[in-house]
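2 protein chains.
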Amino acid sequence: MSLSTQPYKGTRDFYPDDMRTRKWMFAKWRKVVESFGYEEYDGPILEPLELYTAKTSEEIVNDQSFNFEDRGGRRVVMRPEMTPTVSRMVAGRRQELGYPLRLYSIPNCFRYERQQRGRLREFWQLNVDLFGLEGIEADVENIQIADALLKEFGANENQYEIRVNSRKYMNSIYDELELSDEEKKTITGLIDKKAKIDSTEFEKIFREKLGEEKATKLLKVLNNNDAIPESIGQLIGSLEKHGVKNVTFEPSIARGFEYYTDIVFEVFDKTPENNRSMFGGGRYDGLVGEFGVEPVPTVGFGMGDVTFQNFLESNKLLPEQTSETDVYIIVIGDVLTEAQKVAQALREKGVNVAVDISGRKTDKQITNANKKNISYKVFVGSEEVSSQLYSVDGQNQKLSLDQIVSLIKSSK
Amino acid sequence: MSLSTQPYKGTRDFYPDDMRTRKWMFAKWRKVVESFGYEEYDGPILEPLELYTAKTSEEIVNDQSFNFEDRGGRRVVMRPEMTPTVSRMVAGRRQELGYPLRLYSIPNCFRYERQQRGRLREFWQLNVDLFGLEGIEADVENIQIADALLKEFGANENQYEIRVNSRKYMNSIYDELELSDEEKKTITGLIDKKAKIDSTEFEKIFREKLGEEKATKLLKVLNNNDAIPESIGQLIGSLEKHGVKNVTFEPSIARGFEYYTDIVFEVFDKTPENNRSMFGGGRYDGLVGEFGVEPVPTVGFGMGDVTFQNFLESNKLLPEQTSETDVYIIVIGDVLTEAQKVAQALREKGVNVAVDISGRKTDKQITNANKKNISYKVFVGSEEVSSQLYSVDGQNQKLSLDQIVSLIKSSK
Numbered sequence: 004m005s006l007s008t009q010p011y012k013g014t015r016d017f018y019p020d021d022m023r024t025r026k027w028m029f030a031k032w033r034k035v036v037e038s039f040g041y042e043e044y045d046g047p048i049l050e051p052l053e054l055y056t057a058k059t060s061e062e063i064v065n066d067q068s069f070n071f072e073d074r075g076g077r078r079v080v081m082r083p084e085m086t087p088t089v090s091r092m093v094a095g096r097r098q099e100l101g102y103p104l105r106l107y108s109i110p111n112c113f114r115y116e117r118q119q120r121g122r123l124r125e126f127w128q129l130n131v132d133l134f135g136l137e138g139i140e141a142d143v144e145n146i147q148i149a150d151a152l153l154k155e156f157g158a159n160e161n162q163y164e165i166r167v168n169s170r171k172y173m174n175s176i177y178d179e180l181e182l183s184d185e186e187k188k189t190i191t192g193l194i195d196k197k198a199k200i201d202s203t204e205f206e207k208i209f210r211e212k213l214g215e216e217k218a219t220k221l222l223k224v225l226n227n228n229d230a231i232p233e234s235i236g237q238l239i240g241s242l243e244k245h246g247v248k249n250v251t252f253e254p255s256i257a258r259g260f261e262y263y264t265d266i267v268f269e270v271f272d273k274t275p276e277n278n279r280s281m282f283g284g285g286r287y288d289g290l291v292g293e294f295g296v297e298p299v300p301t302v303g304f305g306m307g308d309v310t311f312q313n314f315l316e317s318n319k320l321l322p323e324q325t326s327e328t329d330v331y332i333i334v335i336g337d338v339l340t341e342a343q344k345v346a347q348a349l350r351e352k353g354v355n356v357a358v359d360i361s362g363r364k365t366d367k368q369i370t371n372a373n374k375k376n377i378s379y380k381v382f383v384g385s386e387e388v389s390s391q392l393y394s395v396d397g398q399n400q401k402l403s404l405d406q407i408v409s410l411i412k413s414s415k
Numbered sequence: 004m005s006l007s008t009q010p011y012k013g014t015r016d017f018y019p020d021d022m023r024t025r026k027w028m029f030a031k032w033r034k035v036v037e038s039f040g041y042e043e044y045d046g047p048i049l050e051p052l053e054l055y056t057a058k059t060s061e062e063i064v065n066d067q068s069f070n071f072e073d074r075g076g077r078r079v080v081m082r083p084e085m086t087p088t089v090s091r092m093v094a095g096r097r098q099e100l101g102y103p104l105r106l107y108s109i110p111n112c113f114r115y116e117r118q119q120r121g122r123l124r125e126f127w128q129l130n131v132d133l134f135g136l137e138g139i140e141a142d143v144e145n146i147q148i149a150d151a152l153l154k155e156f157g158a159n160e161n162q163y164e165i166r167v168n169s170r171k172y173m174n175s176i177y178d179e180l181e182l183s184d185e186e187k188k189t190i191t192g193l194i195d196k197k198a199k200i201d202s203t204e205f206e207k208i209f210r211e212k213l214g215e216e217k218a219t220k221l222l223k224v225l226n227n228n229d230a231i232p233e234s235i236g237q238l239i240g241s242l243e244k245h246g247v248k249n250v251t252f253e254p255s256i257a258r259g260f261e262y263y264t265d266i267v268f269e270v271f272d273k274t275p276e277n278n279r280s281m282f283g284g285g286r287y288d289g290l291v292g293e294f295g296v297e298p299v300p301t302v303g304f305g306m307g308d309v310t311f312q313n314f315l316e317s318n319k320l321l322p323e324q325t326s327e328t329d330v331y332i333i334v335i336g337d338v339l340t341e342a343q344k345v346a347q348a349l350r351e352k353g354v355n356v357a358v359d360i361s362g363r364k365t366d367k368q369i370t371n372a373n374k375k376n377i378s379y380k381v382f383v384g385s386e387e388v389s390s391q392l393y394s395v396d397g398q399n400q401k402l403s404l405d406q407i408v409s410l411i412k413s414s415k
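Sequence order for the protein chains is W and H. Just so we're aligned: 22 in the numbering used here is position 19 of the first sequence, and the numbers increase by one with no gaps anywhere. Just so we're aligned: 269 in the numbering used here is position 266 of the second sequence, and the numbers increase by one with no gaps anywhere.
Among the hints, erroneous ones may be present.
If several chains are the same, the list does not tell them apart, and a pair holds so long as it fits within one copy or across any two.
Unchecked claim - Here are the simulated lysine-lysine pairs, DSSO-like style, with alpha carbons at most 27 Å apart: (1) 188 to 207; (2) 364 to 344; (3) 244 to 374; (4) 154 to 374.
Derived from the structure by calculation, the hints contain no laboratory data. On a predicted model such as this, the values are computed, not experimentally measured, just so you know.
Produce the complete structure using the sequences and hints provided.
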C-alpha cells in the first residue's frame, strides 16, 4: 500500500503559490509593527505543561492542546498560544531588558480542534506585546497598531470595527452582584461564547447559572452600550486623536483567556456574510510576575493567519503574487554552459534566475515557465550567444543583459 | 512555587538580538537559493508516523523522534527532517507541477537528542531540492548552491571542503563482496559514523561485522581516494567549470539517511579545532514514487542552523546586528501628542520609530534606547516642536524631518 499524500488533518501544505501569499501577508505585518518600534523574538514550540496550567484558557489546555510525555517522562505541550512563552522570556531577563519593551513574533501554534471555518490545528499568529507601562497610552498604542495593520492591507472602516471593554469594569459589576470567583470565571467564559450561541439559549443558560435576579441585572449591563466607563471613554478619545475612529464600547466583549486584567478589545469583520470577531487582545498585568519576579504591566494582542486571510479574501484585498524567480532561461540547442554564464551574470546583478537544464524541447520548457508564474522568459540559443542580445517574451527587440536587468528592476 | 523561566531542554529562546542574527542568516540563505530560481514552500510540523517508518534513518525515527498519539488515536511525529514532507507534497501534485521543479524551505525540525555541541532538540534547516532531472547537471547545481551559500557569507576555500561519493559506486563494491541488503544497510550506517569513532575501534567493528577478508577489501576501498568513479570525475570537472574548486572524492562519505540512491556529498569545516561535517545531501530518486505515483528523480540537501552558525562564529563571519528600529524618540516634557505626530510623519516615510511613552526622566529614556542598540535617538521637547528641528545624537546641528530621513536611508 502506498502512502497518503494528504497532510495531517487540520494542517496545511504551503505550495509556492500559497507560500507567496503567506510571505506577502507576514511581510506587511512585520512592516507595520516594526514601524512602531517592535522587535521580533521567537521561542520554542515545545513548552512544559505547567506553563499553561491555570494561566491560559482551561478549555484550550485540557481539551484542545497537543500535549504528551517526552522520553524523559516530562509533560510537554506544543504551544497553543504565545503569551505564556513571551511572559516567561521577559521574566527570565527582567532586569536586563529596558522598558517600554516592544516585542512581536509570528509563531505557529497548535490546537486540537474539530475542523471549521477559520479554525485549524496548526495556524500562525502575529503576537504584539508592549511591556512596562501601566497607563492608558499603552492600550492606545496596542489598538492603534491593530488598526494600522488593517489599513495597511487597504481595509476601510466600513469593513471592520473595534469593540472595547474593561475587565475591571466588569469585575466591579460582578462584585456588586456578589459573584464568587468561580462564578466570575464561568460567566466570563459564557459571555465570550455569546456570539456563537442563540440569544434565547444564551439568556436561558445565564438565568440557570445566576438565578433570575442577578441574571436580569447582568443582561441589562451587557445590553447597554451607553454607560461608557471612564477609562474606556479616555481610550476612545485618545484613539480618535490618532485617527482611529471606529471604536465602540461593547460590554459583552470578554476574551477567552483568564489572564486579562483590564481593557480588552476585539476587531470585528463587518461584512454581513462574515460578521464575527477576527482577533483581539488587551491588558494582562499579572503573567510575568508568575515567574517569581517583580510584575511587569503588559498589553498585547494576537492575530491569526487563517481568519485574517479569510477577511482579506472576502473583501478582495488579496492580490495574486508572482514568483520569487524573475527570469526563466529557455535553453535552445547545445548552449547550456553559455546559458549558465548568462544566468550567473544576471544573478550577480541581483536577478533571480532559473535555468532550464532539462535538455527538453523548447515548447516544454516554455510550458514549465508558464506553470510557475515567472514574469520573464529569456531565450538563449547559439545566435544569442554570439550577439549577446537575447529574446525576451513580450519585448519587440532583443535585449542586452543590462537592458534585461533594467526591465526587471523597473517592473518591481 | 513560581514557574521556571528556562526554555524546555534542547530548545532556544530567541530574544531580539538572537533573532536578528537568525533573520540575517536566513535572509542570506533565501537570497542565494532564490537567485538560482528556487521557490519557497512549507509543510506541517506534525506528520503521520508512517511517513517516516523505513523512509528515513531508523535511528532517527525510533530513538530520536518526538512522536505521540493524538486525541483521535492517530500516531503523529513532530518532523525530524523535511525530505519526506516535500516528497509527499510533490507526489500530491505530481501532474500539475512543472519540472525541473526547484523548491526550498527553512523548517524547524525536532529530534530527541542528548545535548552536545551542534545538536539541539529544535533546530532550523535550510532544505533545497531539485525535482525531475536524472542527469548529473542536477547534482552539479545542488553542490554549486551549497558552495554559493558558503561564499555568500564570506567563507573561503581554506575554511571548507566539499567531499563527494556515490551510493551506486559503493553498492557495486558491496555487490562484488556479495553483501546482503541487511549488511549493506549496517555497513552504510557504520561508515556514516566513521568520523565519530576512533579508527582502531572502527576497524575492529568492521572486521567483526564482515569477517577478515571482506573487511580488508572494503577498508582498502574506503582509504583509496584515487580510484575516482566516472560519474564523480564528471561531477568534479563540471563543478570546476562553475568555479567550485574545492571538491574531492571521499569513499567514506555515506550519509545517514537510507533514501539516497546515487551521488552524495558533505561539506566539511576545515578549521582545525572544528574539523567535521557541517551538512550534506545527494540524490534520492525513490521517495516521491513511494506515494503511488510515477517516480521523480530528485537531488537535494539540508543545512542546519546550529552547525552553520557555529561555523560562522568560529570563522568570525558573524557581524553584530543593529535593531529593526531606526529611531527612538526621547520625549522631553509634556509634548507626547506632538512627539507621536513626529513619529507618525517619520513612519510614513518608511522609518521605524519607537516613542518613549513612559513619561520617565530623560536619562532613563536614553538608557532604554541604548539597551536596545537602536541607531538614532531623536529628542523632542517644546523647543523642537515649535522650530520643527530636532536634536539627533551624534549630529552637531538640529535636523528637519527630511534630513533625519536622509540620514537614516544613507546609513543603511
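For each hint, the structure was consulted:
In this assembly of identical chains, residue 188 and residue 207 lie within 27 Å of each other by CA distance solely inside one copy; the values are 18 Å within and 67 Å between copies. When the C-alpha separation of residue 364 and residue 344 is checked against a cutoff of 27 Å, the pair qualifies only within one copy, where the shortest distance is 21 Å, while the shortest distance between copies is 60 Å. Proximity of residue 244 to residue 374 under the C-alpha cut-off of 27 Å is found in neither arrangement, the shortest distances being 49 Å within a copy and 31 Å between copies. Taking the shortest alpha-carbon separations for residue 154 and residue 374, neither the intra-copy value of 33 Å nor the inter-copy value of 32 Å comes in at or below 27 Å.
Comparing the model with each numbered hint stated earlier shows that hints 3 and 4 do not hold.
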